[in-house]
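The residues making up each chain are set out below.
There are 2 protein chains.
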Amino acid sequence: LSDMTKMATDDYVGFTFFVGSMAMMAASAFFFLSLNQFDKKWRTSVLVSGLITFIAAVHYFYMRDYWDAFQESPTFFRYVDWVLTVPLMCVEFFLILRAAGAKRSLMWRLIFFSVIMLVTGYFGEAVWRDASWQWGLISGIAYFVIVYDIWLGKARKLAESAGGEVLKAHKILCWFVLVGWAIYPVGYILGTPGGLFGIDFGVDASFMDVVYNIGDAVNKIGFGLVIYSLAVKSSK
Amino acid sequence: LSDMTKMATDDYVGFTFFVGSMAMMAASAFFFLSLNQFDKKWRTSVLVSGLITFIAAVHYFYMRDYWDAFQESPTFFRYVDWVLTVPLMCVEFFLILRAAGAKRSLMWRLIFFSVIMLVTGYFGEAVWRDASWQWGLISGIAYFVIVYDIWLGKARKLAESAGGEVLKAHKILCWFVLVGWAIYPVGYILGTPGGLFGIDFGVDASFMDVVYNIGDAVNKIGFGLVIYSLAVKSSK
Ligand SMILES: CC1=C(/C=C/C(C)=C/C=C/C(C)=C/C=O)C(C)(C)CCC1
Ligand SMILES: CC1=C(/C=C/C(C)=C/C=C/C(C)=C/C=O)C(C)(C)CCC1
Chain A
15 LSDMTKMATD DYVGFTFFVG SMAMMAASAF FFLSLNQFDK KWRTSVLVSG
65 LITFIAAVHY FYMRDYWDAF QESPTFFRYV DWVLTVPLMC VEFFLILRAA
115 GAKRSLMWRL IFFSVIMLVT GYFGEAVWRD ASWQWGLISG IAYFVIVYDI
165 WLGKARKLAE SAGGEVLKAH KILCWFVLVG WAIYPVGYIL GTPGGLFGID
215 FGVDASFMDV VYNIGDAVNK IGFGLVIYSL AVKSSK
Chain B
15 LSDMTKMATD DYVGFTFFVG SMAMMAASAF FFLSLNQFDK KWRTSVLVSG
65 LITFIAAVHY FYMRDYWDAF QESPTFFRYV DWVLTVPLMC VEFFLILRAA
115 GAKRSLMWRL IFFSVIMLVT GYFGEAVWRD ASWQWGLISG IAYFVIVYDI
165 WLGKARKLAE SAGGEVLKAH KILCWFVLVG WAIYPVGYIL GTPGGLFGID
215 FGVDASFMDV VYNIGDAVNK IGFGLVIYSL AVKSSK
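Protein sequence lines, in the order shown, are assigned to chains A and B. The number in this note's numbering is simply the position in the first sequence, starting from 1, with 14 added. The number in this note's numbering is simply the position in the second sequence, starting from 1, with 14 added.
Please keep in mind that the hints were generated in silico from the structure rather than gathered at the bench. Mixed in with the good hints, there may be bad ones.
Here are the simulated distance ranges between beta carbons [stated by the list, open to error]:
{"id": "1", "chain 1": "B", "residue 1": "221", "chain 2": "A", "residue 2": "250", "range": "47 to 53 Å"}
{"id": "2", "chain 1": "A", "residue 1": "224", "chain 2": "B", "residue 2": "25", "range": "34 to 40 Å"}
{"id": "3", "chain 1": "A", "residue 1": "97", "chain 2": "B", "residue 2": "162", "range": "23 to 29 Å"}
{"id": "4", "chain 1": "B", "residue 1": "141", "chain 2": "A", "residue 2": "119", "range": "49 to 55 Å"}
{"id": "5", "chain 1": "B", "residue 1": "182", "chain 2": "A", "residue 2": "162", "range": "51 to 57 Å"}
{"id": "6", "chain 1": "B", "residue 1": "119", "chain 2": "A", "residue 2": "115", "range": "33 to 39 Å"}
{"id": "7", "chain 1": "B", "residue 1": "218", "chain 2": "A", "residue 2": "26", "range": "27 to 33 Å"}
{"id": "8", "chain 1": "A", "residue 1": "90", "chain 2": "B", "residue 2": "246", "range": "46 to 52 Å"}
{"id": "9", "chain 1": "A", "residue 1": "145", "chain 2": "B", "residue 2": "155", "range": "51 to 57 Å"}
{"id": "10", "chain 1": "B", "residue 1": "43", "chain 2": "A", "residue 2": "76", "range": "24 to 30 Å"}
{"id": "11", "chain 1": "A", "residue 1": "167", "chain 2": "B", "residue 2": "155", "range": "23 to 29 Å"}
Using N, Cα and C, we set each Cβ at its ideal position, and we do this for glycine too.
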């Protein structure tokens, strides 16, 4: 208990870490405990939604303590979280399109590019800071490939042949990837000294933490809820 | 365990935090583990009841430790708890009226006003103490809108068209919001120096913690039990 610290009333970063951890925890309980109500073929998708928020919940507990102890961005933990949860989101695209004939190769392709995106991003943000724009560029290309695949590539075609609720859900998830995920590269650019063609945005790192924390909640819980409601509509 | 402290035998605040955490924890287990016995369409409501007490349980564990460490009201944690659980209570109103044709817009409206109520309340209580009556007024208006909506507005009409057990449960929940929830603004006024038109009530902050802890238990567990028994009566 001597470890407990007071949180300043205007510590918005700490606040969003705390709310984030609780929201992720509650969302996981929600997804896990709702499993029984779905037809068998939808359960795995909802279970994976729960895994994504559950992994995030545990990371958020760490990140909160880290922030509390050092008042510094927990970049390391963020990337560990992403490297587990982003590939799982790729799995979700595959799972909802499976009935329409999606092949495992589509899943592995998306996973592969998501890992490239995150590993190169980490190098640029935390290891080789001097070459951050080169690493960021590789990362950005991998991100672009994912966006292309789901918006215009094979995944899109499968979603169209599935039609109905699957197509609707796929389209919403595509918007998550295009808009919701875009906050991370934007934050990367703003947080890099001389981030874009030498322009220095001088954005406070702790401001970016607030943006990431809100973004994560939307991207993980929102993404999961889209799949949850697809499962609700498709069961029974 | 070296962190463990003795609790004074007359530390009633600490006592209610401790009992509160245990009661919330037990209530969550109760709601979660009863899910299977209900018809599918009632499960989500009972699951959300469990989420409300579960989120509260985790916050109570923190608040207990905080109280233990600083002998000070854990205002911050209370608001984090509320900002997650009060919107979920609004979701409950929507869920039980869904069969009667409640629209999602009703849910979002209630959620919106509950968030306004809590955020402005937090500003008045913890950030801009000098302007606490202005913030409290805005918060109170938002609270009033919620009360109006469920007692006399659209939600009331839907409950009446549903009739039967749903109407009965809706009415009980309305009383929770009008009477049970009212202890929080009353506490806010009593706890503010010169709270009402300059009258200073000089109420001890720790007295208010005892009231809040008892109120929370009634409002969260009681609210959940109303929904639980509605689900029992409507299943089979
Ligand atoms: C393109 C790009 C990036 C993309 C990161 C993304 C897209 C992360 C997504 C995270 C998600 C979805 C978390 C879930 O909540 C980095 C690594 C910042 C480096 C700069 C270039
Ligand atoms: C109107 C008003 C308030 C209302 C708070 C309420 C209504 C809180 C409800 C909490 C619940 C229901 C917790 C669950 O157990 C504040 C923020 C104190 C500020 C002053 C004005």
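Comparing the hints with the structure gives:
1. The beta-carbon spacing between residue 221/B and residue 250/A, approximately 51 Å, falls within the hinted interval of 47 to 53 Å.
2. Checked against the given bound of 34 to 40 Å, the beta carbons of residue 224/A and residue 25/B, roughly 36 Å apart, stay inside it.
3. Taking 23 to 29 Å as the suggested C-beta distance range, the pair residue 97/A and residue 162/B does not conform, at roughly 49 Å.
4. The hinted range of 49 to 55 Å is satisfied by residue 141/B and residue 119/A, whose Cβ atoms lie roughly 53 Å apart.
5. Between residue 182/B and residue 162/A the Cβ separation comes to about 55 Å, which falls inside the hinted range of 51 to 57 Å.
6. The given range of 33 to 39 Å is respected by residue 119/B and residue 115/A, whose C-beta atoms sit roughly 37 Å from each other.
7. Judged by the Cβ atoms, the range 27 to 33 Å given for residue 218/B and residue 26/A holds: they are separated by roughly 30 Å.
8. At roughly 48 Å, the beta-carbon separation of residue 90/A and residue 246/B lies within the given 46 to 52 Å, and the hint holds.
9. Between residue 145/A and residue 155/B, the C-beta spacing of about 54 Å keeps the proposed range 51 to 57 Å intact.
10. For residue 43/B and residue 76/A, the Cβ-Cβ distance of about 26 Å falls inside the hinted range of 24 to 30 Å, so the restraint holds.
11. Taken as a hint, the range 23 to 29 Å is violated for the pair residue 167/A and residue 155/B, whose Cβ atoms sit roughly 50 Å apart.
In terms of the numbered hints stated before, the structure departs from hints 3 and 11, listed from lowest to highest.
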